[in-house]
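Residue numbers (my numbering), protein chains in the order written: chain A, 1 to 163; chain B, 1 to 478.
Treat the hints as calculated values from the structure; they're not laboratory data.
Where is the CB? At the ideal position from N, CA and C, for every residue including glycine.
Some hints here could point you the wrong way.
[Said to hold, decoys possible] Residues of chain B placed beyond 12 Å of chain A at every Cβ, according to the derived structure: (1) Q19; (2) R24; (3) R35; (4) V84; (5) H85; (6) E129; (7) R171; (8) R192; (9) T216; (10) T278; (11) Y363; (12) L367; (13) A412; (14) T414; (15) R471; (16) T475.
[What the hints assert, rightly or not] Label pairs and their in silico Cβ distance ranges: (17) A:A86 to B:D373: 28 to 34 Å; (18) A:H82 to B:G147: 45 to 51 Å; (19) A:S127 to B:Q22: 46 to 52 Å.
[Claimed, not checked] Stretch-level coverage of chain B by chain A, calculated; a stretch enters the list once three of its residues show a Cβ under 8 Å from a Cβ in chain A: (20) 49-56; (21) 249-262; (22) 292-302; (23) 447-458.
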Amino acid sequence: MSERPGTAQDSRERVLRRVRAAIRDGAAGPAGSLDAAGDVPRTGSTSGAGDGPGIGDERAERERRADAGYAALPREYLAAHHESDAHDIVALFAERAADYRAVVERVPATALPAAIARVLGERTADSMITEDSQRIGQYAKGETKTDTAHPAARLIIEWTAQL
Amino acid sequence: MPTYLGMPAFPEAAAAALQDSQLRRNLAHATGAIRVKRAAAVAELADWPQLRAAAKAIKDHTLANLDVYLTRLEERVISAGGQVHWAADAEEANAIVVSLVQDAGADQVVKVKSMVTQETGLNEALAAEHIHALETDLAELIVQLDGDRPSHILVPAIHRNRAEIKDIFLRHMPGAPADLTDQPSDLAAAARSYLRRAFLQAAVGISGANFAIADTGTLVVVESEGNGRMCLTLPETLISVVGVEKVLPSWRDLEVFLALLPRSSTAERMNPYTSTWTGVTPGDGPQAFHLVLLDNGRTGALADATGRQALRCIRCSACLNVCPVYERTGGHAYGSPYPGPIGAILTPLLRGVTSPIDASLPYASSLCGACYDVCPVAINIPEALIYLRGKAVDAKRHGFPRPERIAMGAAAWTLRSPRRLGLAQRVASGSRRLVGRRGWIRRLPPPLSAWTQTRDAPAPPPESFRAWWARTRGTGDE
Numbered sequence: 001m002s003e004r005p006g007t008a009q010d011s012r013e014r015v016l017r018r019v020r021a022a023i024r025d026g027a028a029g030p031a032g033s034l035d036a037a038g039d040v041p042r043t044g045s046t047s048g049a050g051d052g053p054g055i056g057d058e059r060a061e062r063e064r065r066a067d068a069g070y071a072a073l074p075r076e077y078l079a080a081h082h083e084s085d086a087h088d089i090v091a092l093f094a095e096r097a098a099d100y101r102a103v104v105e106r107v108p109a110t111a112l113p114a115a116i117a118r119v120l121g122e123r124t125a126d127s128m129i130t131e132d133s134q135r136i137g138q139y140a141k142g143e144t145k146t147d148t149a150h151p152a153a154r155l156i157i158e159w160t161a162q163l
Numbered sequence: 001m002p003t004y005l006g007m008p009a010f011p012e013a014a015a016a017a018l019q020d021s022q023l024r025r026n027l028a029h030a031t032g033a034i035r036v037k038r039a040a041a042v043a044e045l046a047d048w049p050q051l052r053a054a055a056k057a058i059k060d061h062t063l064a065n066l067d068v069y070l071t072r073l074e075e076r077v078i079s080a081g082g083q084v085h086w087a088a089d090a091e092e093a094n095a096i097v098v099s100l101v102q103d104a105g106a107d108q109v110v111k112v113k114s115m116v117t118q119e120t121g122l123n124e125a126l127a128a129e130h131i132h133a134l135e136t137d138l139a140e141l142i143v144q145l146d147g148d149r150p151s152h153i154l155v156p157a158i159h160r161n162r163a164e165i166k167d168i169f170l171r172h173m174p175g176a177p178a179d180l181t182d183q184p185s186d187l188a189a190a191a192r193s194y195l196r197r198a199f200l201q202a203a204v205g206i207s208g209a210n211f212a213i214a215d216t217g218t219l220v221v222v223e224s225e226g227n228g229r230m231c232l233t234l235p236e237t238l239i240s241v242v243g244v245e246k247v248l249p250s251w252r253d254l255e256v257f258l259a260l261l262p263r264s265s266t267a268e269r270m271n272p273y274t275s276t277w278t279g280v281t282p283g284d285g286p287q288a289f290h291l292v293l294l295d296n297g298r299t300g301a302l303a304d305a306t307g308r309q310a311l312r313c314i315r316c317s318a319c320l321n322v323c324p325v326y327e328r329t330g331g332h333a334y335g336s337p338y339p340g341p342i343g344a345i346l347t348p349l350l351r352g353v354t355s356p357i358d359a360s361l362p363y364a365s366s367l368c369g370a371c372y373d374v375c376p377v378a379i380n381i382p383e384a385l386i387y388l389r390g391k392a393v394d395a396k397r398h399g400f401p402r403p404e405r406i407a408m409g410a411a412a413w414t415l416r417s418p419r420r421l422g423l424a425q426r427v428a429s430g431s432r433r434l435v436g437r438r439g440w441i442r443r444l445p446p447p448l449s450a451w452t453q454t455r456d457a458p459a460p461p462p463e464s465f466r467a468w469w470a471r472t473r474g475t476g477d478e
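Using the sequences and the hints, build the whole thing.
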């Protein structure tokens, strides 16, 4: 909460009162009456403990109704626009990536090190960074380090060692 | 919205803008291009109407249960290590942010493009406390360097062409290369070089959010340049100012809104950068995260049955790009961070219709309906414009009831009593010779002259049916 004593909770309750009044009153709720609505449960008080009798129950009921209403929302849109059994999803991805001006090459796994090494060579790179699930490693050109767990990175490193 | 104080009402501002032929050329080129691209991007999705309907339903449901989702969001953000602040108005929001920046010991902050902090005038509030806010979105940077104001929700410098941008950089950007050209790649490279130093030095980042996911406490920012990703990840402290209407119930809802928003805004299938963050992660990214939830008039709009729909807005700006009025006047004429058709309803809903500029905005439309057609969350902007025109007229009367209401009240009072009705009929028949000519009334005294200025009315008959019946008992004898 804000460090300004005496105002943070006031603001929270004021905003939530306005929200509840606006929801309840709808079109009939003039702006001037927005601060006059009911109690506001405090942060984290999902059970309502300490808020006085009934407030926690009321909030739980509001949450239950909101969740039920949410579950009933219409979602008639398609689950996917391209089904994998009807489309070549990899080709689609390549097309879309190229549409964003990426230079896309499709290579078999065995040709990956050569492809990467060629790109590195074109850019006259002296070092490269690889990322695996645990860390980011930086490797110098010609380095034969092979302790990374990332199989593609290991291939790349081995290849760049031959440059 | 302090930076817009003192601006003229829309008709005067628009008249001035219309004299600027360069502005009109820039706008026509930019909006025309994006209209075509957007139409193509939308046409790719066969289920666009269903997505649109779902987005509308999700937003309406969320607004109808806003207290539930706001408190849920608050709980989840806190449980993920963030802190939540509530601001009833712009002044409170700015005070909170200034206090947080001062607590972090920073005298400069880097900002992600944020409509809501333009609305609150945060940059000016920070400057008053000797804190410099650096806009890192390229278009926002252009506007900031030039001491200008944004004129478009998505493309704040849409009123500038690249030659003008080159001149702005050369005049105002420290370190801009002397041989800078107006090629977009050169302009972007100059901005990148200038901003990168600030990214690496900044202790505090400030953002808005496109969406705030209640069930996980996750905030979402979509962008195209990567500056947002820098601001959201490099500083030690991240402060996000978010309007209360930005909350969505669940992560699942992004499958709808991330399909609609990029295609409606930049006409892309997907925006290049979508950043999401949930509280803080030890050792990775900002170690202090503050969420400031802002009202600032939104609950007033929420209480308005017609105006509430404006809170569905996801700031895509599709309505700006199809609006014939916006295309000719540009965004500055609207006197608000929210220009175009959505601004013409959102600004009066947030600020009221009592000032000349706000009262003029609902008239900044031809009511052609193109804005409604393209809106991805189906905001009926023409309906809201007409409604707000009525409110603006009412506001001018300073609480006095409309003549129609007075007339209808008097009619109801008269019709409730046979005696009063008979008396009124006799008075009307008696007035026939005073106001009628050859069976028609062609001119009435004020205020009834408003009626006869454009139409004639039949003169009252010499005798009412009741009087005729009382005299003849229906025998036909005259």
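Once the closest CB in chain A is found, is it more than 12 Å from B:H85?
violated (5 Å)
The segment 292-302 of chain B covered by chain A? Criterion: 3 or more residues, Cβ-Cβ distance below 8 Å.
It holds: at least three residues are needed, and the segment 292-302 of chain B offers 5 whose Cβ sits within less than 8 Å of chain A.
Interface exclusion of B:T278 relative to chain A, criterion Cβ beyond 12 Å:
holds (17 Å)
Taking beta carbons only, do three or more residues of the segment 49-56 of chain B come closer than 8 Å to chain A?
holds (count 4)
Is the Cβ of B:R24 farther than 12 Å from every Cβ of chain A?
holds (31 Å)
Non-interface claim for B:Y363 versus chain A (Cβ beyond 12 Å)
holds (22 Å)
Looking only at beta-carbon atoms, does the pair A:S127, B:Q22 fall within the given range of 46 to 52 Å?
holds (48 Å)
Taking 45 to 51 Å as the hint, is the beta-carbon distance of A:H82 and B:G147 inside that range?
holds (47 Å)
Distal placement of B:E129 relative to chain A, Cβ over 12 Å:
Nearest chain A Cβ is 14 Å from B:E129, so the label holds.
8 Å C-beta test of the segment 249-262 of chain B against chain A, three or more residues
It holds, with 4 qualifying residues against the three required.
C-beta pair A:A86, B:D373: status relative to the range 28 to 34 Å that was hinted
This hint holds: roughly 31 Å between Cβ atoms.
Would you assess whether B:T475, listed as outside the interface, keeps its beta-carbon beyond 12 Å of every beta-carbon in chain A?
Consistent with the label, B:T475 stays out of reach of chain A, its closest Cβ about 54 Å off (over 12 Å).
Violated hints for the displayed structure, listed by number in ascending order: 4, 5, 23.
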